[in-house]
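J.: Listed below, chain by chain, are the residues.
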Amino acid sequence: MSTLKDLFEKDVQELENEGIVFATLEKLVAWGRSNSMWPMTFGLACCAIEMMASTDARNDLARFGSEVFRASPRQSDVLIVAGRLSKKMAPVMRRVYDQMPDPKWVISMGACASSGGMFNNYAIVQNVDSVVPVDIFVPGCPPRPEGLIYAVMQLQKKVRGEAMDDFGTPLPMVEAWTR
Amino acid sequence: MSSLVTALEKAGLREYPILEGKIKTVVAALDTFKAFLFECKAVGFSLCADLMGVDYLEYTEFMPERFAVIYNLLNAKNGERILVKVYVPDAIKIPTVTDIWRTAEYHEREVYDLLGIEFSDHPDMRKILTPEDLDGHPLRKDFPLGETPTLFREGRFLDPSAFRAGLSGKDTGLSGWRGGSRIDSSLIPKLPTAIPVSKEK
Amino acid sequence: MAKVKEKPVMPKLETRAEVIIPQERSELTGGSGLLHTEIMRLNVGPQHPSTHGVLRVVVDMEGEYVKRVEPHIGYLHTGFEKTMENRTYAQNFTFAPRMDYLHGFGYELAYALPVEQLVGAEVPDRAREIRVLLVELNRISSHLVFLGTGLLDLGALTPFFYTFVEREAILDIFEAIGGQRLHQGYFRVGGVAKDTPDGFEGMVKKFLDTFDAKVDEYEKLFKTNPIFLERTQNTGIMSEAVALDLGITGPNLRASGVALDHRKTTPYSGYEQYDFDVPLGTHGDSFDRFVVRVQEMRESAKICRQALSRLKPGAIQDPNRKISLPPREELETSMEAVIHHFKLVTEGYHPPKGEAYVPTESARGELGCYIVSDGGSMPYRIHFRAPSFVNLQALPVIGIGGLFADLITVIASLDPVMGDVDR
Chain A
0 MSTLKDLFEK DVQELENEGI VFATLEKLVA WGRSNSMWPM TFGLACCAIE
50 MMASTDARND LARFGSEVFR ASPRQSDVLI VAGRLSKKMA PVMRRVYDQM
100 PDPKWVISMG ACASSGGMFN NYAIVQNVDS VVPVDIFVPG CPPRPEGLIY
150 AVMQLQKKVR GEAMDDFGTP LPMVEAWTR
Chain B
0 MSSLVTALEK AGLREYPILE GKIKTVVAAL DTFKAFLFEC KAVGFSLCAD
50 LMGVDYLEYT EFMPERFAVI YNLLNAKNGE RILVKVYVPD AIKIPTVTDI
100 WRTAEYHERE VYDLLGIEFS DHPDMRKILT PEDLDGHPLR KDFPLGETPT
150 LFREGRFLDP SAFRAGLSGK DTGLSGWRGG SRIDSSLIPK LPTAIPVSKE
200 K
Chain C
0 MAKVKEKPVM PKLETRAEVI IPQERSELTG GSGLLHTEIM RLNVGPQHPS
50 THGVLRVVVD MEGEYVKRVE PHIGYLHTGF EKTMENRTYA QNFTFAPRMD
100 YLHGFGYELA YALPVEQLVG AEVPDRAREI RVLLVELNRI SSHLVFLGTG
150 LLDLGALTPF FYTFVEREAI LDIFEAIGGQ RLHQGYFRVG GVAKDTPDGF
200 EGMVKKFLDT FDAKVDEYEK LFKTNPIFLE RTQNTGIMSE AVALDLGITG
250 PNLRASGVAL DHRKTTPYSG YEQYDFDVPL GTHGDSFDRF VVRVQEMRES
300 AKICRQALSR LKPGAIQDPN RKISLPPREE LETSMEAVIH HFKLVTEGYH
350 PPKGEAYVPT ESARGELGCY IVSDGGSMPY RIHFRAPSFV NLQALPVIGI
400 GGLFADLITV IASLDPVMGD VDR
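Protein chains in written order, with numbering that gives the first Met the number 0: chain A, 0 to 178; chain B, 0 to 200; chain C, 0 to 422.
Just so you know, these hints were derived from the structure itself, not from any lab.
Treat the hints with caution; some may be incorrect.
Stated by the list, open to error - Subject to a maximum C-alpha distance of 20 Å in a straight line, what follows is the list of computed PhoX-like cross-link-like pairs (lysine-lysine):
1. B/K76 - B/K40
2. C/K352 - B/K23
3. C/K311 - C/K204
4. C/K66 - B/K84
5. C/K263 - B/K76
Next comes chain A alone, as it looks inside the complex (with noise of 0.2 Å):
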């Protein structure tokens, strides 16, 4: 058992080989964040049925720790926007995610709710971004289970700072968190 002496007198490499690892507390704060996304049921459509078939004993998204669907949004992280919004559900909307903790992301399901989808008239949004800002968009009518998943983990890379932009430089940290 080695003093607290003994460790500064080491060098970085010998004690990571004891087991020891070195980070900096925002990017142990964001490993911690990244592995328990709690999403909010915002279940609007079509695409809330496939919501729930990814959390059941098949695809199981507990094992990415987004399992936790909170009905309040004040105990959630992450707005997972399922199905098509009407015009008169947008306010509700933007009243859950503004009533969401910071920082919050947004997970913007399904055709309809990326670009209206087929539905281009008179009652529907025709991009949930122009509501709330929107993390990540995933396609499919209605994506399948494993799509939702992989956006969870594409979330997960966003929050650790694994993000890049348009042209492929890394994102900081904490600007993927705040906005």
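Take the given structure of chain A and dock chains B and C to it, following the hints.
T.: Frame of chain A; chains B and C shown alone:
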């Protein structure tokens, strides 16, 4: 069919034409249709399955009035079904049938919301599906579909309604593509800033 | 059905809120000696875990007892009818299943039947049997979701994991046949899009062989559970007269004891050739509505077995080239086939002027599509008789008088699908 004939006789409405099809359709007049529906319930049409409205504004054939309300009645015992059709002029209130079948309450609210046909003596005549601030009645034929054009670079866009116009025979062109390289850019129409709503009333 | 619990005696609504206050604390009540509670107005939804989507219910409560329920709907209004009036008949097959996303094949069938009536298409036997098989499989999967999420609303998390195992097996069959898990768009006017893949019958048979035992297991899980019995029996009672007055159809009506099943009374798509029973309830309470659906799953499995045994090789589409696309290999040799292909893909068919309505039995009740054709390539007016929309009207009637927890049970047992309600 015998029960229906009884209902017609009881209401004294023998002169109504009964159109023979897969489902019997009775065309009733605006002032007496409620008495007929009442008789229908008495002879066993215990369930009002549906109530819907049609806007005949752009119909290719001449119709007696602009709107029609269709009552879809079902005999729950033997599955017999009739459709009662009532032609309704624009801006005329028609009597409610919520006192005969309570189920008509939601249906009539839906017809009011989407087509703008008002029902008198309805207990709760409000919008039901569309947002409170939506002006107009979406299923009327003069209400636009409200499509958002698909945007491309350099101000090009694809107008979905022009694209579809060729299919309905209203326009000769099949493609609504309006490229900047094909025509003068000053001729490209401006994008609508808001979804236009109908200017009725 | 055996009943274990008698109807509980509830305190009278008028007197329950009055509490006698001792004389020395009479300043609380202004000297009257009685403390009057106020009606509490509670907003549930549109974002709530147990409202099956985006249903919003405003509840007036006196203490824990529900006095008035007012559903607010339209939070998923998608404008289906308006959009479908601006698409061709063939394109609309993509819209139909997205209304009721749990029973999509039922909607595809309900849309196909009136269009076939308008254009006069003949559906070959094999296509009919494939349709019946898929619709019934989909009915099972829909009821499985009902059972899983319904019990989830009552606080039982485990059945959800069990029922979704079976549902995944059905979705695998759908994926094999249509390429997608939920919305296939597989039906066409005059038949189905393409023939079944290799090994399809084996997949269905494998599923059906084990299914009945699974249903028994699920039934045992909840039917003997005292908490479930306590919460569902004698809550949300809907009598026959009330149900007919409110226009309720489907399992909710049959739980009240009315034997109205359009597959029996007005058979469509060849249902008259199948042998199955219509399960009926006796009391019309939430418990009966659960049990009727579970028994319906068994009957649907029975129909599936019969359909599978009747499945013989043959044509799957109406040979009329004015309605169905020519086969791919014909396009290389026949000019006429190319013309037909081009006309069908760009414009589609033009049904003659007329109106058609065919009632069908969806997993939630009477589902029919009313189509008005003006002779164009798009429907002039299309209207869906949505069963959930009508069934939801029962909520203000049967949801009152009980505890608030009973209201959640009633919503779960009515099984509304909000996509179907709002359209």
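J.: Hint by hint, where does the structure go against what was stated? Just the numbers, ascending.
T.: 4
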